[in-house]
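In order, the protein sequences belong to chains A and U.
Just so you know, the numbering used here puts 125 at position 125 of the first sequence, and the rest follows in order with no gaps.
Just so you know, the numbering used here puts 248 at position 248 of the second sequence, and the rest follows in order with no gaps.
It is worth saying that the hints were derived from the structure and are not from the lab.
Virtual Cβ for every residue (Gly too), placed ideally from N, Cα, C.
Mixed in with the good hints, there may be bad ones.
Computed footprint of chain A on chain U, listed as stretches where at least three residues anywhere in the stretch have a Cβ under 8 Å from a Cβ of chain A [stated by the list, open to error]: (1) 91-97; (2) 135-149.
Straight line, CA to CA, 20 Å or less: simulated PhoX-like cross-link-like pairs of lysine-lysine [to be verified]: (3) A/K140 with A/K41; (4) A/K335 with U/K172; (5) A/K220 with A/K75; (6) A/K208 with U/K157; (7) A/K336 with U/K253; (8) A/K94 with A/K7; (9) A/K232 with A/K325; (10) U/K172 with A/K202; (11) U/K253 with A/K220; (12) U/K157 with A/K336; (13) A/K325 with A/K307; (14) U/K172 with A/K198; (15) A/K336 with A/K325; (16) A/K140 with U/K223; (17) U/K17 with A/K307.
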Amino acid sequence: MDLKAYKNVYVFAEQRDGVIQPVAYELLGKARELADDLGEKVVALLLGHQVREKAASLVEMGADEVIVADSPELKDYLTEQYAQVLYQIITANKPNIVLYGATTIGRDLAPRLASRLRTGLTADCTRLEIAEKENEPGEKEFRMTRPAFGGNLMATIICPNNRPQMSTVRPGVMQKREKETGRKGTVTDFQPQFDRSKFKVKLIGKVKNNAANADITAAKVLVSGGRGVHDKAGFDKLQGLADCLGGMVASSRAMVDAGVMDHAYQVGQTGKTVRPDLYVACGISGAIQHLAGMEESGYIVAINKDKFAPIFSVADLGIVGDLHKIVPMLTERLKKEMAE
Amino acid sequence: MNIIVCIKQVPDTTEIKIDPVKGTLIREGVPSIMNPDDKGGLELALRMKDMYGANVTVITMGPPQADLILREALAMGADRAILLTDRKFAGADTLATSYALAGAIKTMDYDLIIAGRQAIDGDTAQVGPEMAEHLGLPQVSYVVDAQLTDHHSLMVKKEDEECVQTLEVEGKCVLTVLASAYQARYMSVSGIMEAYSREVEIWTADKIEVEEEKLGLKGSPTKVFRSYPKALKTPGELHEVSEEEAVELIVSKLKEKHII
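Sequences and hints are given; from them, build the entire structure.
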């Protein structure tokens, strides 16, 4: 494989129902940095039906070029349809790096492609960087860092002899750039050739999950509850505080497994990664899997009865005490504060 | 119907602790378990066996001690167990792992392949889809339910961030299942007694359809450049005070940080 023939940083610009997902913009921000370090271009891949007009927003957020594949076959995400198109684009254009959001779509599509392309894929990266190779000064290397062992260990992965180098990144981890209105870029149309004999999966229907509107990753303030909250009534107290601060409630895995909260509210390794300005952890002991999902928050307040709870190791302000008393009192106090 | 379930033995990562002084992982005393999503997948297979009648084969790739989870699967109700073990598989990343599993499955008769969505030690969710591609089969990931239809297709429910999707799959396929989909059954007492006298088949690289250079470390495009314990954050202030004082403290800090 001629590694030098592979150039540019590609981003799979995920859309759902024609709406570009925030993670695509976050990836463009990171891709821009990587491409600048390499002296290469940022190319966004936009697949869907009647989505071409969205290409401009990808340019404004950092892409130099947008390749659009527009077809009724691509209206809803289906693995094989999308994999065929991306495989054709990637083999024709030879990208150096391809980034995907670590969403249910990206984590379904990227491994399928990695296997078809026989290349490496690194999942759920939290850091991506271009560094100088240790034994070859002047030679650059793409390094992908991710948590392993449930967040207990960080591993930096390289893909030295295969191209493209691919990774998925969880939503909320990378920072998007400021929108640059009027930024110039090219938009190229790609005509996919479908092998329909391989289409074995048909979408019959979709039912919105009620809790799905709860996008805790977008909240500026999260009041999050764990085992110490006990039950629904306990979460009502947290909701009161969240309302008062203009935020949302979130949950640890324990309360999701107990059936008290829906999975959509779960923070952590098997839930969502969040970085609100304020994270109030109530009755959460702080398993490493939970910490992995919230420790990048701007300011962390933890309230827990157990002064040895691991949550205090990441809290900026730790309070040893009973959340069931403190949370309602704090809510009342803040209401007064705001009224003044 | 023949169902193959891919399972993995993993350290129970919720039990791993960090040595606060050295900052290293404490692995001693951490139990090895059947990966939770794989157990969900096995439960789906066993439910299909209960409903439609099926032959359930469990397969794992790993060191000889992975025998333990295969016997657990037999005790839960699996019919056949295969341990894929060979030094040639060592150091495999997800691509080489999925290639070896696919190489073993190619030699078998099957109608459906089930795997867990992801393993709790690696959390990649890549082996299932990569294996499906090696086998040239369609895949559905994040599965929470699957049922046979009257015309022998499969009706599958998949959970994404916003919706539950219903998908119809024609022919053989690979499903990757969430642990939360099913409460896995316990091993039966007679199953446990029997599981230790039953045969676990040991398969090496010679027994399966693979090219040796695509196995193990050699066949892995990704390499671990370095690994390290996560940097510990410097803890902030910890206060053990009355509730009134706690409230005042929080309010003053939030003001100081311009959050309110």
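Tested hints:
Evaluation of the coverage hint for the region 91-97 of chain U: fulfilled, as 3 residues show C-beta separations to chain A shorter than 8 Å, against a requirement of three. Check result for the region 135-149 of chain U against chain A: holds, 5 residues qualifying (beta carbon to beta carbon below 8 Å, three or more required). Between the alpha carbons of A/K140 and A/K41 the distance comes to roughly 16 Å, so the proposed pair stays at or under 20 Å and holds. Of the supplied pair hints, the one linking A/K335 and U/K172 is violated, its CA atoms being roughly 59 Å apart against a limit of 20 Å.
This hinted pair does not check out: A/K220 and A/K75 have alpha carbons roughly 32 Å apart, beyond 20 Å. A hinted pair counts as satisfied when its Cα atoms are at most 20 Å apart, and A/K208 with U/K157 qualifies at roughly 13 Å. Under the criterion of a C-alpha separation no larger than 20 Å, the hint pairing A/K336 with U/K253 is consistent with the structure, at around 16 Å. Only pairs whose Cα atoms come within 20 Å are accepted, and A/K94 paired with A/K7 is accepted, the gap being roughly 6 Å.
In summary, the hint linking A/K232 to A/K325 is supported, as the alpha carbons are separated by about 16 Å, within the 20 Å threshold. Restraint check for U/K172 and A/K202: the C-alpha separation of about 14 Å stays at or below 20 Å, so the hint holds. In summary, the hint linking U/K253 to A/K220 is supported, as the alpha carbons are separated by about 17 Å, within the 20 Å threshold. Pair hint U/K157 plus A/K336 does not hold up; C-alpha atoms about 48 Å apart against a cutoff of 20 Å.
A hinted pair counts as satisfied when its Cα atoms are at most 20 Å apart, and A/K325 with A/K307 qualifies at roughly 17 Å. For the proposed pair U/K172 and A/K198, the alpha carbon gap of about 12 Å is at most 20 Å, so the pair holds. Taken as a hint, the A/K336 and A/K325 pair is honoured in the structure, with Cα atoms around 17 Å apart against an allowance of 20 Å. At roughly 16 Å between alpha-carbon atoms, A/K140 and U/K223 fall within 20 Å of each other, so this suggested pair holds.
A threshold of 20 Å between alpha carbons decides the hint, and for U/K17 with A/K307 the separation of about 17 Å falls inside it, so the pair holds.
In terms of the numbered hints stated before, the structure departs from hints 4, 5 and 12, listed from lowest to highest.
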